[in-house]
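J.: Based on the sequences and whatever the hints tell you, model everything.
If you're matching them up, the sequences are chains A and B in order. Last residue of the first sequence: 321 (this note's numbering), numbering continuous. Last residue of the second sequence: 347 (this note's numbering), numbering continuous.
Simulated from the structure, these hints should not be mistaken for lab results. Errors might be hidden in some of the hints.
[Said to hold, decoys possible] Now the stretches of chain A that chain B is said to cover, found in silico as 3 or more residues with beta-carbon under 8 angstroms:
| no. | stretch |
| --- | --- |
| 1 | 219-230 |
| 2 | 235-247 |
| 3 | 309-318 |
[As the list claims (entries may be wrong)] Straight-line C-alpha distance at most 20 angstroms; calculated PhoX-like pairs for lysine-lysine:
| no. | chain 1 | residue 1 | chain 2 | residue 2 |
| --- | --- | --- | --- | --- |
| 4 | A | K231 | B | K99 |
| 5 | A | K232 | B | K92 |
| 6 | B | K91 | A | K232 |
| 7 | B | K99 | A | K232 |
| 8 | A | K232 | B | K134 |
| 9 | B | K91 | A | K231 |
| 10 | B | K131 | A | K232 |
Cβ coordinates follow ideal geometry from the N, Cα and C atoms, glycine included.
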Amino acid sequence: MLKYSIRRLLGMIPMLILISIVVFSLAKLMPGDSLSGEIDPLNTNPEYIAEMREKLGYNDPLPVQYFNWITGFVQGDFGKSTRFQIPVFDLILEKLPNTLLLGVTALIITYIMAFIMGMYSGRRPYTLGDNAIAGFNYVMLAIPSFVAAVFAIYIFAFQLNWFPFAGSVDILVEEGSFEYYISRMHHVLLPAIVLGAMSTASYTQFLRNDIIENSRKDFVRTARAKGTPMKKIYNVHILRNSIIPLVTFLGFDFAALIGGAIITETIFTYPGIGQLFLESVTSRDFPTLMALTMLLSFLTLFGNLLADILYGVVDPRIRLD
Amino acid sequence: MTAYRINESTPLLRVKNLQTGFKIDGDYYNAVEGVSFDVLPKQIVGVVGESGCGKSVMSLSIMQLLPNGVGKIRGGEIEFEGQEISEFSDKKMNDIRGKDISMIFQEPMTSLNPVFTIGYQIEEVILNHEKLTKKEARLRSVALLKQVGIPRAEQIVTEYPHQLSGGMRQRVMIAMAIACQPKLLIADEPTTALDVTVQAQILELLKGIQEANDMSIILITHDLGVVAEICDEVLVMYAGKIVERAFVEDLFSHPKHPYTELLMKAIPKMDEDVEELATIEGLVPSVINMPQVGCRFANRCPKAMEECLTVTPQLANVDNRHEAACLLYEESWPTDGKREREGVAAL
Numbered sequence: 001m002l003k004y005s006i007r008r009l010l011g012m013i014p015m016l017i018l019i020s021i022v023v024f025s026l027a028k029l030m031p032g033d034s035l036s037g038e039i040d041p042l043n044t045n046p047e048y049i050a051e052m053r054e055k056l057g058y059n060d061p062l063p064v065q066y067f068n069w070i071t072g073f074v075q076g077d078f079g080k081s082t083r084f085q086i087p088v089f090d091l092i093l094e095k096l097p098n099t100l101l102l103g104v105t106a107l108i109i110t111y112i113m114a115f116i117m118g119m120y121s122g123r124r125p126y127t128l129g130d131n132a133i134a135g136f137n138y139v140m141l142a143i144p145s146f147v148a149a150v151f152a153i154y155i156f157a158f159q160l161n162w163f164p165f166a167g168s169v170d171i172l173v174e175e176g177s178f179e180y181y182i183s184r185m186h187h188v189l190l191p192a193i194v195l196g197a198m199s200t201a202s203y204t205q206f207l208r209n210d211i212i213e214n215s216r217k218d219f220v221r222t223a224r225a226k227g228t229p230m231k232k233i234y235n236v237h238i239l240r241n242s243i244i245p246l247v248t249f250l251g252f253d254f255a256a257l258i259g260g261a262i263i264t265e266t267i268f269t270y271p272g273i274g275q276l277f278l279e280s281v282t283s284r285d286f287p288t289l290m291a292l293t294m295l296l297s298f299l300t301l302f303g304n305l306l307a308d309i310l311y312g313v314v315d316p317r318i319r320l321d
Numbered sequence: 001m002t003a004y005r006i007n008e009s010t011p012l013l014r015v016k017n018l019q020t021g022f023k024i025d026g027d028y029y030n031a032v033e034g035v036s037f038d039v040l041p042k043q044i045v046g047v048v049g050e051s052g053c054g055k056s057v058m059s060l061s062i063m064q065l066l067p068n069g070v071g072k073i074r075g076g077e078i079e080f081e082g083q084e085i086s087e088f089s090d091k092k093m094n095d096i097r098g099k100d101i102s103m104i105f106q107e108p109m110t111s112l113n114p115v116f117t118i119g120y121q122i123e124e125v126i127l128n129h130e131k132l133t134k135k136e137a138r139l140r141s142v143a144l145l146k147q148v149g150i151p152r153a154e155q156i157v158t159e160y161p162h163q164l165s166g167g168m169r170q171r172v173m174i175a176m177a178i179a180c181q182p183k184l185l186i187a188d189e190p191t192t193a194l195d196v197t198v199q200a201q202i203l204e205l206l207k208g209i210q211e212a213n214d215m216s217i218i219l220i221t222h223d224l225g226v227v228a229e230i231c232d233e234v235l236v237m238y239a240g241k242i243v244e245r246a247f248v249e250d251l252f253s254h255p256k257h258p259y260t261e262l263l264m265k266a267i268p269k270m271d272e273d274v275e276e277l278a279t280i281e282g283l284v285p286s287v288i289n290m291p292q293v294g295c296r297f298a299n300r301c302p303k304a305m306e307e308c309l310t311v312t313p314q315l316a317n318v319d320n321r322h323e324a325a326c327l328l329y330e331e332s333w334p335t336d337g338k339r340e341r342e343g344v345a346a347l
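T.: Put into structure tokens, the structure is as follows:
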């Protein structure tokens with residue numbers, strides 16, 4: 001398995017080089033550049049601007065610019081955010097805990113809901129309960145997250161006053177105290193519920209269909225012939241088989257966990273990677289934008305690797321070597 | 001229909017007028033129609049017939065393993081050790097399944113759960129029925145694997161089904177089926193999916209276990225060679241009904257029903273040089289448009305008479321403990337109808 005993982009990681013290198021070229025080209029294709037963020041904004045002398053443009057390498061041929069960027073990047077120098085004037089690396093590190101907290105909470109909500117609903121539906125297909133669950137799932141899937149988020153804020157934050165409507169923590173609480181962590185959980189819960197409850201459809205319906213399919217398999221009849229109760233057959237024999245295809249989703253979730261939910265984070269003004277990403281686009285903060293895109297690409301590839309390795313763990317028929 | 005006794009021992013299993021239906025477009029159609037037979041202790045009963053004749057459905061009915069919501073026992077009785085079990089709840093059946101009656105299936109490749117170890121799957125049946133620790137169950141499963149002739153049993157218990165060949169998997173299925181020393185084993189075409197040399201080994205194994213454990217076996221097959229090899233008694237089924245029932249020697253030496261005769265002719269023989277094998281013309285009528293009156297084999301029978309389409313033959317003793325349902329024999333005519341009477345409903 002170790003050999004396999006190393007081989008796969010090495011295989012990512014050409015992929016990442018290609019991605020970096022695409023990311024860089026797209027950044028360059030966007031109108032404008034981040035020059036104004038890197039020079040003294042008060043000095044409007046055209047000569048000064050031209051001089052700085054030359055000095056900062058904006059006039060170099062594109063391959064040279066790419067080469068300069070990528071050599072720094074692989075050495076861990078992601079550049080300096082032109083907007084915040086701090087290293088991009090520090091900027092990402094600062095936002096990451098918030099995003100992770102939101103992502104993990106949302107994922108737990110999704111998993112719990114999807115497993116309960118999927119197992120119920122799979123065991124009783126085409127019943128009223130199954131149809132109700134399918135209906136709920138597709139409605140949630142159909143509602144855009146920005147609509148759901150706005151309604152959630154209006155109802156649960158403003159009308160019912162159950163949750164705060166913005167931010168990641170109360171400003172008044174002391175960092176590190178018990179109240180601090182409670183406040184963080186309190187802030188993360190509403191966006192996490194919106195995010196988590198909205199994305200149960202794929203998991204639920206996938207799990208349901210796989211359970212139905214597996215319940216017709218010969219091994220179910222064998223288990224029944226052994227005198228195993230139906231409940232155990234569903235919860236052990238069938239479920240253990242039906243979680244195998246769900247591992248694919250887990251690979252995607254991994255990238256989403258760190259990539260953050262761009263729209264949800266923005267609407268809840270929740271300071272995470274997603275919000276940072278959107279801001280870096282609107283403020284032409286190219287070093288941040290490129291670093292984040294690269295990071296997400298890498299995580300997607302890594303998530304796929306993780307899923308493939310997990311296949312080998314959950315399915316004894318798959319051997320990785 | 002009177003079931004005869006082979007000896008004075010009481011039957012282990014007695015099936016009386018079993019009717020099992022399948023729901024197709026909202027209506028039930030009987031795939032098994034009025035089947036009755038006994039299985040005595042330590043007896044091996046063979047059930048033969050072509051695909052779709054209801055032999056598998058009959059065996060699934062005994063175990064109540066019919067597909068949920070589709071297949072259903074619609075009439076008749078199934079008595080096991082004197083207890084009527086056909087109406088047992090699933091919970092009560094779970095105490096019988098795997099312990100008193102167990103079953104092995106045709107497809108060893110798919111009958112085992114791919115994601116659990118061999119050991120887990122054998123231990124499951126033991127733990128379902130006996131109060132043992134996991135460790136004791138593990139020891140028992142190793143012993144069982146050895147009993148069914150699997151080498152390296154200690155290692156195999158930790159392996160997964162895909163690591164074993166078809167023959168080995170069928171041995172595992174047998175180990176599972178005999179784990180709790182059942183009184184009756186239903187083997188639904190246990191050798192069909194295996195190659196010929198392995199088939200012989202599996203049959204030998206079954207026979208050996210049957211003798212060692214004093215167990216009865218219902219062996220379902222479409223292979224008359226298999227029947228000749230290990231069965232004591234044979235039921236020949238056609239289109240959901242038993243058409244002939246006899247001791248194995250009697251059946252092979254002088255088959256009574258034309259269908260059985262044709263089946264025998266279709267067996268390739270080593271000492272005869274024939275260009276073409278004998279076949280039975282036509283197809284089994286489908287369950288949806290099964291003739292309700294008359295003999296179900298009539299349209300394919302070379303000896304069919306006019307009455308065969310209108311009079312339903314009864315399974316009756318036509319020779320010394322040899323039953324057949326065919327109008328060629330006086331005994332098979334309905335008692336109240338004789339020759340002039342038309343269409344007596346099936347039992």
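J.: Hint by hint, note whether the structure agrees.
T.: Checked hints:
1. 219-230: holds (count 11)
2. 235-247: holds (count 4)
3. 309-318: It holds: at least three residues are needed, and the stretch 309-318 of chain A offers 4 whose Cβ sits within less than 8 angstroms of chain B.
4. A:K231 with B:K99: Satisfied, since the Cα-Cα distance of roughly 19 angstroms is no more than 20 angstroms.
5. A:K232 with B:K92: holds, 16 angstroms
6. B:K91 with A:K232: Answer holds: K91 of chain B to K232 of chain A is near 12 angstroms, not above 20 angstroms.
7. B:K99 with A:K232: holds, 18 angstroms
8. A:K232 with B:K134: The hint holds at about 17 angstroms.
9. B:K91 with A:K231: holds, 11 angstroms
10. B:K131 with A:K232: With a Cα-Cα distance of about 18 angstroms, the restraint between K131 of chain B and K232 of chain A holds, given a limit of 20 angstroms.
The earlier numbered hints are all upheld by this structure, with none contradicted.
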